[in-house]
Amino acid sequence: MNSGNYRKRSAAETPSPQQQQKHHAAMEEEDLDEDVFLEETLLQYEEDSQVLRELEESNAIKERLQKWERPSLSQAYIAQTQSISFQQLEIDYIIAESHKELLPNSSGQAAILRIFGVTKEGNSVCCHVHGFEPYFYISCPPGMGPDDISRFHQILEGRMREANRNSNAPKFVRRIEVVQKRSIMYYQQQASQSFLKIVVALPTMVTSCRGILDRGIQIDGLGMKSFLTYESNVLFALRFMIDCNIVGGNWIEVPVGKYKKAARNLSYCQLEFDCLYSDLISHSPEGEFSKMAPFRILSFDIECAGRKGHFPEPTQDPVIQVANLVTLQGQDQPLIQNVMTLKSCSPIVGVDIMSFDTEKEVLRAWRDLIREVDPDIIIGYNICNFDLPYLIRRAEVLGMAEFPVLGRIRNSRVRVKDATFSSRQHGTRESKEITIEGRVQFDLFQAVQRDYKLSSYSLNSVSAHFLNEQKEDVHHSIISDLQNGNAETRRRLAVYCLKDAYLPQRLLDKLMFIYNYVEMARVTGVPISFLLSRGQSIKVLSQLLRKAKQKELVIPNAKQAGSEQGTFEGATVLEARAGFYEKPIATLDFASLYPSIMMAYNLCYCTLVTPEEVRKLNLPPECVNKTPSGETFVKSTLQKGILPEILEELLTARKRAKADLKEATDPRVKAVLDGRQLALKISANSVYGFTGATVGQLPCLEISSSVTSYGRQMIEHTKKLVEDKFTVLGGYEHNAEVIYGDTDSVMVQFGVPTVEEAMKLGREAADYISGTFIKPIKLEFEKIYYPYLLISKKRYAGLLWTNPDKHDKMDAKGIETVRRDNCLLVKNLVTECLYKILVDRDVPGAVQYVKNTISDLLLNRMDLSLLVITKGLTKTGDDYEVKTAHVELAERMRKRDAATAPSIGDRVPYVIIKAAKGAKAYEKSEDPIYVLENNIPIDPQYYLENQISKPLLRIFEPILKNASKELLHGDHTRSIAVPTPSNSGIMRFAKKQLTCIGCKTPLSGSDRTICKHCKGREAELYCRSVANVAELEKLFGKLWTQCQECQGSLHQDVLCTSRDCPIFYRRKKAQKDMAEAKTQLDRWNF
Amino acid sequence: MVLMEVDSEKNLLHRKQSLYQSLDENFGIQKEVYRGQQYSQIYFARLHLMRTLLYSLIPNWKPHLPVCTVLGLEEGKECIIVGTLYKQMKLKPSILDEYSKERSASPLVQRHNFTHLDDNLVLEDESGRVKLSGCLLPSAYVTGNIIALHGKETSAGEFLVEDVLEAGLPQQIERPIELGEDKYVVFISGLSVGRSSSNPLQFQLLVDHITGHLGDEKEQNIAAQIVQVVIAGNSVEVPHGLLNGQNLGSKDQSRLFEPIKELDILLTQIAASIPLDIMPGSSDPANFSLPQQPLHRCLFPGSSAYNTFRSCTNPHCFELDNIRFLGTSGQNIDDLGKYSEANNNIDFMERTLRWRHLAPTAPNTLGCYPFTDRDPFYVETCPHVYFVGNQDKYESRLIKGSEGQMVMLICIPRFVETGVAVVTEKEDI
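In order, the protein sequence lines correspond to chains H and Y.
Per the UniProt record's numbering: the first sequence = residues 1 to 1086.
Per the UniProt record's numbering: the second sequence = residues 1 to 429.
Careful, some of the hints might be misleading.
[Claimed, not checked] Computed cross-link-like contacts, DMTMM-like style, restricted to lysine to aspartate or glutamate with a CA-CA straight-line distance of at most 25 Å:
1. H/Lys499 <-> Y/Asp334
2. Y/Lys31 <-> H/Glu1018
3. Y/Lys31 <-> H/Glu957
4. H/Lys1078 <-> Y/Glu126
5. Y/Lys90 <-> H/Glu469
6. H/Lys343 <-> Y/Glu74
7. H/Lys1015 <-> Y/Glu258
8. H/Lys499 <-> Y/Glu74
9. H/Lys1078 <-> Y/Asp373
10. H/Lys1034 <-> Y/Asp334
11. Y/Lys31 <-> H/Glu1031
12. H/Lys794 <-> H/Glu957
13. H/Lys120 <-> H/Asp279
14. H/Lys499 <-> Y/Glu258
15. H/Lys499 <-> Y/Asp118
Treat the hints as calculated values from the structure; they're not laboratory data.
Make a model of the complete structure from these sequences and hints.
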């Protein structure tokens, strides 16, 4: 079931957070470990026997599935004479008895890490890693001797036992060691100090132990003392990866003899073994190890038979089809195309169809498919919030305890929990977190929503946007009809369902998600699954921890520290001198401004000097930098900052990746490298944000406010230098003028008339000003805007030139923000006007175009689809406090026909119609189809005033005097045409009488076509009628054959009702207009 | 019939006559109504009609092979399938292009041909689609063709074509054996009265010529043997932009009407002496979709007074002395030229006859009325003369069918550009 239409109940409608000038504290949830006990995840005995029974029954289907098994193991693997090398995709841990052979000295329960991956032969791997223990640090109180430590150990153990009464763990705190480390916070002169490394038995105990130490603990001789903990907020799996130098998605090797084949296979993986964490070899992703293993990607989609007028609910509505597409990473063609259907379904060429009589069998077959095919990555569109939870809930309703064994661990059920994901960048989103052990889920809906700003995230509009393809959209009320038809109609549905499974795979390929995400995981060092489910900060934290570990630094868990800190001043924007510039405008950009500032001024946690320390230490002035915001940081001569070092590495790595990219010839290698340089860029830019996230992992507003203050200073400095140097007095032909400046760029009008000259001066200015900055801060000349329409800050448009011969494209910022509550007309109008103004240099033409459009609007000649406004229905009418147009309309439509009315989660398209005087805005909404069918007049004034006037005036005010008067109140607004509605008011009682085709006089007597006064004009009038028919016929043919094309069949009627499709309403209208025009024309046949 | 009076009063030349029978009924859509029907039905009707025909031919073609539906294909099994072709074309323009995000900087060049090397064919029947590979040349076929294919399904799910069967020429009615006397039919197309480049004198010369007002006795003798004039479309050209819904001012009215009036005067001269069939074409004041309906009589107040004046449909079918004529104003062939390839337009014409279908690309790329229960473009009976108007140059060819059918194919050039009318002698056929 696909259509993002009704899937984005919560996610899509959340307003995207505005980029704010002031940085506010934003939520960023802490990630907590959660211990999962192996025994608890496994099915109980009584269920087990049932499962066994079920398994026997489904043997027939198993045989069919077997052909899709993974390639079998080579002899070397079976004989264990070969070291095992694999690309890991997922790392988690489980609590179980510790391994007797590998760890003879320990007993009881321990955390065992599981690494899932694929070898280059395509064999699946499950590696159980033993011996790695959870730990964290506290600073050692001065004067603590070995005896004190063992006493402290006992007290802590006692407190832990108290706090965890339910636990039957024999020991909580395994040991406490003294280590020499240094806190990352603040510049310190001494090299290191003592810290206590507290090693606990299970990962969750880190949190509970931290709580105890935070609150304070009574120690003999020292009294009540609370401790600041260090690195106590690091997830166990990440801790393991950091300590073993493993980054997300890299290759791991376990040498021969170092692994032991598991005694009892717990997983379905082909290679399952135990080993010690110290025996793992982690390969950095270079050369041979930068490649991708041939992992299996399953893309799937389900269809449900909803009841009329309701969104499908798993408690009631059956799953009727599941389409599956399995692709090997790096291959163009899918390995498997399969559809599972409830009831018979006619075959589809090239597709494996499995039909079943009961829904239970369908679900069971799907589970078996997962098991046999053994996908490493499961993708789909909105699977995390719709398809997967639906399947799981549905199986529960049907009492299929054996269904949710979808992971790679035998007899282990998937776990479902509600999760909220929130970050400053993406806002708060609710979602379901479904843990399928050993398989990565990648929901394209979430990924696209995260990485791209679009006006709509329905699968239809996303694929239209990226793949340039409209998708057939079958309304859910039709889905049930198709299901209840025959094998042919169900085949129709299956084709549709398959397409919905195919599109996510194509999006994945087209947007290079696999490459980009794996590279991001490799660069930042987090597991791939973190990238979608967690915010930005974990990525920076992971890099920081890795770096800190090398430097023997520890990172405090300074969560609370940030909360009382307020806001700080953000980036600066030079005032925009609005206007239409017809001379070339050069743009000078700072390359990676914020990272460069941090590097140039050595800004870091460990270089920051507190005001007290400044006084105490009495540092020589040549060794420190005082930032414009008043903070003090030592220079790299005294202490090199960690953040600058990380940034340097990232940027150097990016340079290298870009250089390699140029050299590379193999398209796969290219994809990897391009993904890498992109990941490196994003990572470098997110470091600044990490220090400013006040409720983040390690906020340090001294750093972030210093960065922005330097940034502001640089923009001002640039402006001053440009305007001082490039003057007539300085020997140049014109005085340069800075017309606008944003966060990291400055727009300069040098006054020269040609692009070439402006480019020359731009380069000169960039070089000259760069010389005045500390390295690596660099001002670059990048592009020319010519002509340039500056409306206000962050709103501008212009033609972009990077070489003097030809412009590259039209660039518009902040103008065309295709807001969802705008109709298409606005976008078209604005684009066309900008095009005429900037490219054609034809301002009068643009004005005329606006006038014509407005006139068309008033004369009711506008294509209705341009006027449709769409909003998502998230709650029912009663739940909304304020009445809104789309909710009211949904209510009204429900009264008309409950079956086709939009339900919650649907998007409601509407147009604003003329209504009685004084009608409220929300009463004037109407269903576009209803409007078409009944000839209801739209309200052109609404569109004029509420939709198009503001964006138009914004564009034209810098260009035209009296723009408002000229555009919105001219002669072209005088004539208005309103069609007569056919359904309402007085028209219901009206008698129809033929009127003269020429002059609309009612006809009487024997005249059927024209009145006696119009006699003699027949030829002209006929030509008009027939020309009208000809136009409509042309349109009718184009529209309906296009729809046949989309649906991929000539012999079947078009069913699609995709309201996202630009031609949906036109198609409907063409059909209706055609019928009317033909009737009109037939009147000539007297 | 009108007598023609030439110079000498005593030596009267009598215009010959023929028995005329109109067969346009099939192309009328007066009784049809737009009821929300879609194009699937005309494809269905076509498939049904032509499949029955092809099935009847298969026993003579490859009797040993089983006939399958697309659904019934089994990998590796040789069989015959029958269905509608669909050509996937990379360059095919789409109405959705209007909505493409990026506006291209340069105006789009109108292409004359949308074929591409990557085009491929798919065969569809009611049960499904299968991609075709093998010996079938995509450039020679178009969407909407119905053919029988011999081949087998490959492991990749494609159908590997080994041999193709087209419907071939239909049955022809018996030609009258004795023709006795010479008779001529004149074909004209593309008069384009009203176009700036049109030369009124040229047309007047033609009219005078065929009506016998010019030439010596020998030529007049020939003129007297003309029994029928057929105008195959594009007789007038109405200036663009005049018909956009607004009431016209009197000046524009005359601009619009002038060419039609001029045409009427000349047609009156023809109709006064020779029977005249006029077909609508793409530039005429008629509907756009095929079949185009007859030009309205009210446009021709002068000539329509004569009963020799007949306004016909496009395509147009008639019989003269039991010789069958079938033709169009050119849209069907022009559309084939855009979506497939051939050496010349006569080849396209020949193909349509061998496919037994005048306009396979309708409705896919050629506008067409959405018929529900029939396909009027199916050629049930083979004509003796098959003509197409508005072509670049005059071409003709005589083709023979397997059952002794003989058809004269004629490309009629645009008169306005070439000044050529085509005279066909019935003896030739």
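Hints, one by one, checked against the model:
For the hint pairing H/Lys499 with Y/Asp334, the CA-to-CA distance comes to about 35 Å; that exceeds 25 Å, so the pair is violated. Restraint check for Y/Lys31 and H/Glu1018: satisfied, since their Cα atoms lie roughly 23 Å apart, inside the 25 Å limit. A threshold of 25 Å between alpha carbons decides the hint, and for Y/Lys31 with H/Glu957 the separation of about 56 Å lies outside it, so the pair is violated. Between H/Lys1078 and Y/Glu126, the direct Cα distance comes to roughly 30 Å. Violation of the 25 Å bound is thereby established for this hinted pair.
Between Y/Lys90 and H/Glu469 the CA atoms are separated by roughly 13 Å; this keeps the pair inside 25 Å, and the hint holds. This hinted pair checks out: H/Lys343 and Y/Glu74 have alpha carbons roughly 22 Å apart, not beyond 25 Å. At most 25 Å may separate the alpha-carbon atoms for a hinted pair to count; H/Lys1015 and Y/Glu258 meet this at roughly 17 Å. Using a Cα cut-off of 25 Å, the hinted pair H/Lys499 and Y/Glu74 holds, with the two alpha carbons roughly 23 Å apart.
A threshold of 25 Å between alpha carbons decides the hint, and for H/Lys1078 with Y/Asp373 the separation of about 19 Å falls inside it, so the pair holds. Of the supplied pair hints, the one linking H/Lys1034 and Y/Asp334 holds, its CA atoms being roughly 16 Å apart against a limit of 25 Å. The hinted pair formed by Y/Lys31 and H/Glu1031 meets the criterion: a straight-line CA distance of about 21 Å does not exceed 25 Å. The suggested pairing of H/Lys794 with H/Glu957 holds, with an alpha-carbon distance near 16 Å, which does not exceed 25 Å.
Proximity of H/Lys120 to H/Asp279 is assessed by CA-CA distance (about 20 Å); at most 25 Å being required, the pair is judged to hold. Proposed proximity of H/Lys499 and Y/Glu258 is contradicted: the alpha carbons are some 56 Å apart, above 25 Å. This hinted pair checks out: H/Lys499 and Y/Asp118 have alpha carbons roughly 22 Å apart, not beyond 25 Å.
Violated hints, in rising order: 1, 3, 4 and 14; the structure is consistent with all others.
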